[in-house]
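As they're listed, the protein sequences go chains A and B. Numbering follows numbering that gives the first Met the number 0, with no gaps: position 408 of the first sequence is 407. Numbering follows numbering that gives the first Met the number 0, with no gaps: position 26 of the second sequence is 25.
Note that these hints are calculated values from the structure, not bench results. A couple of the hints might just be wrong.
[Claimed, not checked] In silico lysine-lysine, DSSO-like type, Cα no more than 27 Å apart, as pairs:
| hint | chain 1 | residue 1 | chain 2 | residue 2 |
| --- | --- | --- | --- | --- |
| 1 | A | Lys243 | A | Lys563 |
| 2 | A | Lys112 | B | Lys85 |
| 3 | A | Lys114 | B | Lys134 |
| 4 | A | Lys421 | A | Lys443 |
| 5 | B | Lys113 | A | Lys110 |
| 6 | A | Lys206 | A | Lys245 |
| 7 | B | Lys85 | A | Lys557 |
| 8 | A | Lys114 | A | Lys146 |
| 9 | A | Lys245 | A | Lys289 |
| 10 | A | Lys484 | B | Lys126 |
| 11 | A | Lys407 | A | Lys380 |
| 12 | B | Lys113 | A | Lys114 |
| 13 | A | Lys110 | B | Lys126 |
| 14 | A | Lys484 | A | Lys469 |
| 15 | B | Lys113 | A | Lys120 |
| 16 | B | Lys126 | A | Lys114 |
| 17 | B | Lys126 | A | Lys112 |
| 18 | B | Lys126 | A | Lys120 |
| 19 | B | Lys85 | B | Lys113 |
| 20 | A | Lys120 | B | Lys134 |
| 21 | A | Lys215 | A | Lys245 |
| 22 | A | Lys146 | A | Lys283 |
| 23 | A | Lys407 | A | Lys283 |
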Amino acid sequence: MNEEPVRIGVFICHCGTNIGGFVDVPAVVEYAKTLPGVVFATNNLYTCAEDGLASIRDAIKEHRLNRVVVASCTPRTHAPLFQGVCEEAGLNKYLFTFVNLREHCSWVHMKEKEKATQKAKDLVRAGVARVRLLQPQEEARIDVEPKALVIGGGISGMVAALSIAQQGFPVYLVEKESEFGGFVRNLNNLYLGGKDAMETIKPLIDKVMANANIIKCLNSRLVSVEGFIGNYNIVIDANGKEIKDKVGVIVVATGAIEYIPEGLYGYDLYENVVTLTEFEILCKKKALPKINSIAFIQCVGSRGQDKSYCSRICCNVAIKNALNVVENYQDMLGLGTGEIVEKVPVEMKAPEEILERRRRRRGRRERGEEEEEAPSPTTGKIEVTIFNRDIMAYGVEHELNYNRSREKHVRYVRYTPENRPKVYKEGDKLVIDYWHDTLKMQRKMTVDMIVLSTPLVNNPDAKELSKMLKVPLGQDGFFLEAHVKLRPVDFATDGIFVCGTAKGPADITECVFQAQAAASRATIPLARGFVQTEALTARVNPTLCTGCGTCIEVCPYKAIQKNKDGVAEVIVAACKGCGCCGATCPEGAIDLSHYTDMQLIAEAKAALQEVIE
Amino acid sequence: MNSFEPQIIAFCCNWCSYAGADLAGVSRYQYPPNARIIRVMCSGRVEPQFILRAFELGADGVLVAGCHIGDCHYISGNEKCQEKVKITSELLELLGIDRRRLRLEWISASEGAKFAETMRSFTEELKQLGPSPFKEVK
């Protein structure tokens, strides 16, 4: 250290009577004056008031202070204010220490002034011991490449990409399928009476296709990512062609797939037992079999049956489909196409789309042949029953649909998880054997078709992607945001964002919200052009480091890597300054700036003993 | 022994436990003035060395306080802290220091009452235990 000797100023606040009433402030000031390095100490009625702030500013100049201690309230609310004053007076704001005399002393020891005063002296002494060792810190700037990468070309990915592109930044939109649209491509309609789902989202796809800022990568996948916010080096396999580029931010919008209810409710045993999405495909293809009755079973594989969570959207989708059946069954039967399906087979005879989906998911091969039978459509009313644990038709539109479905005589039968309905076959009839929880009776219902409402589950690719991007997956396999309430579309790692069903079940409206939110968050560093790094980061002493890699393992932000010499190196832009690495390093080779081992131990020592070294 | 006032060093993480201590103050929960809080950004920053040094320097008890598991501002620093404290308390036992002198508590920013209660019970416990054996050597 080749700098001038420390000249510390201590400012002790009365905070009106909040501190002054319970601590002998003048005595603490007198005590502070005796501490080594302290050249100035005073008290203020309110240090945070303009005259208090001015006293700091003036004292820094007059007494050539190069360290400042303010002993008042809590740094959590007031540190930025006092640090600002230090900066105004030309002092690096990291040469400042806060001592908490109000929340941690006067307010909690209101009946023992003598002991509180002693504690206040100890705290000030510890603060002085700490401030002596502080070093100026700088927040570095890192340039941001003004380009983005959006992974996944479903609704969320398209909205996010479009939103970023419309703000003027080039975006790579990477989709593994041959067309954009994602999960919605499976669906029949998105709302009641609405047109075909693909028709609904076509304007969005058109806008994406027409936007010159979006670099469309179909049949593509992300091969590798390296780097940190502002500087991600990406490699995309774009339909066989390799693209290498640098982007500043990444948005994950990889979506979800439907849970396959293997072994549940005869799904892999009986004909005419399909999942909700398969049912949508049948409706969309106008390939429903002829039926007189249909039952939906809700919460299949979710809410504790296999997955713990509620998939949220299935109640609404089941209600929508129940109404579709009641109101538009004839339209979905395939009249006029000459392709009426007698029965939806278990596996072998399924319509092409279902077969294809099942093959993809399960890796099984297609066997068998299509069986055709003469069309013989039914004409009567179809009985629709929804077996549910409880219907959660949240929001305005869905609750109205629910009411409407009741008016149309859709039956709702409640079951409990202890008494789930059983599905079996009697002759060639599907039977649902269930405990009627309201009637308290065991009952049987014969139905022609059963639709199982299964939850959304994360894309199987998510695991690999989470490793590549070094972002976490939650307990249920979905991507985990930085904070469930306050940072819902951010990852803890700066520069990477998440939206849509990749982070949990959501309907399309919510996916659009999230995508717009993620795009808006992602464009902040792009528009700014640089990021300010944390000043408080881990620092590696390369001569002590043995390259054991323990720090790399414990770092929650993957902000440490090994450099070409085999020793640990902190990626300053990614480091958040928690200090876990420093606490773990077996060689003591890592320290956290501003919270160094030396500073913390000196503070502890001064808190315990009367001497400051 | 009754007049013995234990000295406690409390390492509190900035985001939860330090804020919990702030809330105890704002709520005017009274507790014994035996602890000196040292602010760290994350409980995961607390090295075993800090704890051992604190005892060496005359602390009768050390409290490490962080966010509840799952709430860590730095994702998982508190989990690492938990492991370190566990190992350190075994080490303390080997050194002849009662492991009750080292406490780990999860105190959130909303748990001012818990902070105050922790201070009361820890101070009481340390009074029962008497001065740290290291202190007597000094």
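Lys484 of chain A and Lys126 of chain B: Cα distance at most 27 Å?
It is violated: about 42 Å lies between the C-alpha atoms, which goes past 27 Å.
Are the Cα positions of Lys407 of chain A and Lys380 of chain A separated by 27 Å at most?
holds (11 Å)
Does the structure keep Lys215 of chain A and Lys245 of chain A at a Cα separation of 27 Å or less?
holds (16 Å)
Against the 27 Å threshold, does the CA-CA distance of Lys146 of chain A and Lys283 of chain A hold or violate the hint?
violated (38 Å)
Lys113 of chain B paired with Lys120 of chain A [C-alpha distance capped at 27 Å]:
holds (26 Å)
Can you confirm whether the C-alpha distance between Lys243 of chain A and Lys563 of chain A stays at or below 27 Å?
holds (23 Å)
Distance restraint between Lys113 of chain B and Lys114 of chain A, which requires alpha-carbon spacing of 27 Å or less
holds (22 Å)
Within 27 Å, alpha carbon to alpha carbon, are Lys126 of chain B and Lys114 of chain A?
Holds, at roughly 17 Å.
Does Lys126 of chain B lie within 27 Å of Lys110 of chain A when you go C-alpha to C-alpha?
holds (20 Å)
Between Lys120 of chain A and Lys134 of chain B, does the CA-CA distance stay at or below 27 Å?
Within the cut-off at roughly 21 Å; holds.
Hey, Lys245 of chain A versus Lys289 of chain A, does the alpha-carbon distance stay inside 27 Å?
Violated. Lys245 of chain A to Lys289 of chain A sits at ~55 Å, over the 27 Å cutoff.
Satisfaction of hint between Lys469 of chain A and Lys484 of chain A, Cα-Cα up to 27 Å
With a Cα-Cα distance of about 22 Å, the restraint between Lys484 of chain A and Lys469 of chain A holds, given a limit of 27 Å.
Of the numbered hints listed earlier, those contradicted by the structure are 2, 8, 9, 10, 22.
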